[in-house]
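**Student:** Sequence:
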Amino acid sequence: MIRDLDTTLIRTFVTTADKASMTAAANALHLTQGAVSQQVKRLEEALGQSLFERDRRGLKLTRVGERLLDKARRLLQLNDEILAEIRGRVVAGQVRIGVPYDLVGTLLAPVLKAYAEAYPQVEISLVCASSPEPAAALAAGTIDLAV
Numbered sequence: 273m274i275r276d277l278d279t280t281l282i283r284t285f286v287t288t289a290d291k292a293s294m295t296a297a298a299n300a301l302h303l304t305q306g307a308v309s310q311q312v313k314r315l316e317e318a319l320g321q322s323l324f325e326r327d328r329r330g331l332k333l334t335r336v337g338e339r340l341l342d343k344a345r346r347l348l349q350l351n352d353e354i355l356a357e358i359r360g361r362v363v364a365g366q367v368r369i370g371v372p373y374d375l376v377g378t379l380l381a382p383v384l385k386a387y388a389e390a391y392p393q394v395e396i397s398l399v400c401a402s403s404p405e406p407a408a409a410l411a412a413g414t415i416d417l418a419v
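Numbering-wise (our numbering), the sequence shown opens with residue 273 and increments by one.
Where hints are given, some of them may not hold.
[To be verified] Cross-link-like lysine-lysine pairs, in silico, BS3-like; alpha carbons within 27 Å at most:
#1 K385 to K332
#2 K343 to K313
#3 K385 to K291
#4 K313 to K332
#5 K343 to K332
#6 K291 to K313
#7 K332 to K291
#8 K291 to K343
#9 K385 to K343
[What the hints assert, rightly or not] Have a look at the derived ranges for each label pair, beta carbon to beta carbon:
#10 P404 to R326: 22 to 30 Å
#11 A388 to T414: 17 to 25 Å
#12 G360 to R339: 30 to 38 Å
#13 V363 to A300: 30 to 38 Å
#14 L319 to Q366: 34 to 42 Å
#15 I354 to D290: 17 to 25 Å
#16 D327 to L277: 23 to 31 Å
#17 L277 to A411: 22 to 30 Å
#18 L379 to T414: 19 to 27 Å
By construction, these hints were calculated from the structure, which means they are not laboratory data.
Computed from a predicted structure; not experimentally measured.
From the three backbone atoms N, C-alpha and C, an ideal C-beta is built for every residue, glycine too.
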């Protein structure tokens, strides 16, 4: 019986679950589809449980896979934080971003979510305004970045 989980296998599992496709996960991880399939299989064998149900529409998590996913995300986040801190690459602090109202919703939300997941020690403050105002706020130094 295994005692430690291989974070490479866990990262492959999380990416595959997020993409609901081995091919899409392979593209995201810069691996072949066969390598992703093998890594998922190795994790399933190590755990003694199936993590995905496969059908014509793609992949769906099993109940075990659903239970594992949140913990796997937390494990990877902690792993990445440890490595960044030890290597002296911690990105932390506050960033004030000026954004026009029309970009806040659908365009910016996924980008900000991905950034927050990658850099949890960075606090992002959005300043929403009419289009010309972020440039003026940047010039005045009240924001750090204008979109």
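**Student:** Which hint numbers doesn't this structure obey?
**Tutor:** 10, 13 and 17
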